[in-house]
Amino acid sequence: MDALLFALLVAPPVVAAALAVLAPRATVLVSRLNVATMPISVAAALWLAAGLVAGGPPAVVGTTWRIDALSAMLALLVSVVSTLAVWMGPGLAPGAGPARAEARLFRVYTNMFAATMLLAVTADNLGVMWVAIEASTVTSALLIPLHRTKASVEASWKYLLIGSVGIALALTGTVLTFVDYASTGATVDLALNWTTLVTAAPGLHPEVARLAFVFLLVGFGTKAGLVPMHTWLPDAHSEAPAPLSAMMSGVLLAVALYALARWKTLVDLTLGTTFTETLLLIVGVATIALGSLSLVTQRDYKRLLAYSSIEHVGLACFGLALGAPGLFAALFHVTGHALAKSVAFLLSGRILLRYGTHEIAAAPGVAEALPATGGLFAISVLALGGLPPFGLFLSEMLLVRAGWIAGREILTGVVLVLLLVAFGSLVHHTQRLLLGAPPAGVSVGERVTWTTAVLALPLVALAWIGVSMPSGLRHLLTQAVEALHP
Amino acid sequence: MDATFALLTMTGASVMLLCVLVILWRRHIPAYISAFQWQSMALAFVGAVVARRGGVPELFVVALLIFLLKGLAVPAMLRRMAARFPAQQELQPLVNTEVSLVISGCLAIAAYDVSRPIAAVVNLPTRGGLPLALALILISLFVIVSRRKAITQIVAFLMLENGIALLALLGAYGVPLVVELGVFLDLLLGVLVMQVLAYRIQETFDSIDVEHLNSLKH
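The listed protein sequences correspond, in order, to chains A and B.
Numbering of the first sequence is given in this note's numbering, commencing with residue 1 and proceeding in unit increments.
Numbering of the second sequence is given in this note's numbering, commencing with residue 1 and proceeding in unit increments.
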């Protein structure tokens, strides 16, 4: 049963990517199949999560894969956002020549990208997790210059190089821990498995763990966009095609934080929490500060969303350093961010299509030109700013509370001010984008289709979990926190 | 017995470290590729020595893979790529040769300091090379940030990966095979994608100088 569910979770994107490679002439069919089968992945993730919430044991497949509550939660986020992304991607309508080639490339790499993230969060073997996360960089990098502009080629190179080097440092940290474990004389076959290391961690060498954590923090922190390794993020997220931006911003950052959270738990078992939490607090607050303050002067609405991602990753990182209540808030925050940010990026793609520019100043009057898209975009940005009743408001309040409980009053106060700055800037820039008259040459009005309605769903869900957190979600998050406090 | 083993692996590791230094004082890009090729051969040699002396037969497979992939296939790919670009020189690195050598010396010393705890826990005869592996990792990192050509950065990234492989070989006689194979797969895919992107940079900017990649700001 576990194996079947795992297969159902991972198979849809893998099969879609394979079909897109094998059948270059049937891209439209493959794309439609892709959209139709991706919900299977979501259903499998939901099923796994429901089993865990009902008190079942983690799903185990062989010695390499293991899905506990934390994995199930991440798998659910990845599959939901990937479903939205493949739905909004190119290829569903018949096109000719270059458009079809682009659509095929999109189907190949987006699905491989989704599959690598699903594998990363379900791997028990932390070496395999590393392999999957590195593969996620490679599969997403080629999609950024889908339209071959100078800016997108530049963004893609920076992303690939900085991402690969960063993640190589995470491998160094992984290997250092492995070396330490292997020298205890234990059998090394399953040595990189989370379940093995959790048991062995208290007996490892603290100095080695300290060194390894520095490498791991820099490595996975690069992938998560933590300051000062964030430099690739605004470029890559703003230049990528909208569905890819949605996946990179909505869930790839969360996957990197997931890896960091797992490793933090292991290092804490060896070393105690002071060292890791001090580092995470410094990096987290610096990241929130850079993200929020950069929002103030943004001139480009896609970069606005990208810097907002940096701010939110910083908040989640801050939460990781605040013990169990902080962890709960961070996981909830990551969930809310995945929903709101993916919708915001997908809608920004529609604005870009109509206006042909990323510049906020060159794209006034979205509310008039694209009433439905503009309205939803405004709602998603307000949600990202932390306006009640959306889930991110609740998670930010929980983070602040966790900071207070943990005795970090001053830092929490600073974070609270930065949250207000971020909110103010987001509202200000969105106002500039929405109001005013559309420039000449931009057609006015849009047909509201069912795809627009689909994009409203995550926002409805976000409001729902913000008003009254469903008990299933609460249990899943609580269990995920417990998974990190063995 | 152990002394010969230690000597052989130390020699291999030292050759590998020397190969990264080539990038610091040569300007000619084909020389970088050759340096990487020699370094990979040295890594395969260390792998084979550990397999034989350390009694880990599956490492022979890994050593063979290193030899075939990093020793032959990847350098061939890099040479073909370099031949397609007109510029064959790393003319103006961001940090000049003399300063680069001094910084690398400091990094090597730092590597000895940083690797003390890890050398203390490992009790294998190969542990003497661990600081060299860390030095290789740190110096490769420095090369990536201080050189301008896309192809130089790719070579340095590959050397960084060699450093990690060396660390695993000397510290624990290699990581589990499934991880090893996954890392190889990633490396191969990564190099292919980097190659494609370098071609795109060449097409769109008429140069592979990453200095041109500076339009995205704020």
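Mixed in with the good hints there might be a few duds.
Unchecked claim - What follows is a list of derived Cβ distance ranges for each label pair:
| hint | chain 1 | residue 1 | chain 2 | residue 2 | range |
| --- | --- | --- | --- | --- | --- |
| 1 | B | L177 | A | M1 | 54 to 62 Å |
| 2 | B | E98 | A | V21 | 33 to 41 Å |
| 3 | B | H212 | A | G62 | 46 to 54 Å |
| 4 | B | R80 | A | V21 | 17 to 25 Å |
| 5 | B | D113 | A | V460 | 52 to 60 Å |
| 6 | B | R84 | A | A23 | 52 to 60 Å |
| 7 | A | A23 | B | R80 | 40 to 48 Å |
| 8 | A | R32 | B | D113 | 55 to 63 Å |
| 9 | B | Y199 | A | L29 | 49 to 57 Å |
Just so you know, the hints here were simulated from the structure itself, not pulled from any lab data.
All residues carry an ideal CB built from backbone N, CA and C; glycine is no exception.
With 33 to 41 Å as the target window, see if E98 of chain B and V21 of chain A comply at their CB atoms.
-> At roughly 50 Å between Cβ atoms, V21 of chain A and E98 of chain B fall outside 33 to 41 Å, so the hint is violated.
CB of L177 of chain B to CB of M1 of chain A, is that within 54 to 62 Å?
-> violated (28 Å)
Consistency of beta-carbon spacing, L29 of chain A to Y199 of chain B, with hint 49 to 57 Å | violated (31 Å)
How does the Cβ-Cβ distance of A23 of chain A and R80 of chain B compare with 40 to 48 Å: does it lie in that range?
-> violated (30 Å)
Falls inside 52 to 60 Å, the C-beta gap from R84 of chain B to A23 of chain A?
-> violated (31 Å)
CB-CB spacing for V460 of chain A and D113 of chain B relative to the 52 to 60 Å hint = Once the Cβ atoms are compared, 56 Å apart, the range 52 to 60 Å for V460 of chain A and D113 of chain B holds.
Distance restraint hint 17 to 25 Å, applied to the beta-carbon atoms of R80 of chain B and V21 of chain A | holds (24 Å)
Between H212 of chain B and G62 of chain A, does the C-beta distance stay in 46 to 54 Å?
-> holds (47 Å)
Lying within 55 to 63 Å: is that true of the beta-carbon distance R32 of chain A to D113 of chain B?
-> holds (59 Å)
In the structure shown, a violation is registered for the earlier hints numbered 1, 2, 6, 7, 9, in ascending order.
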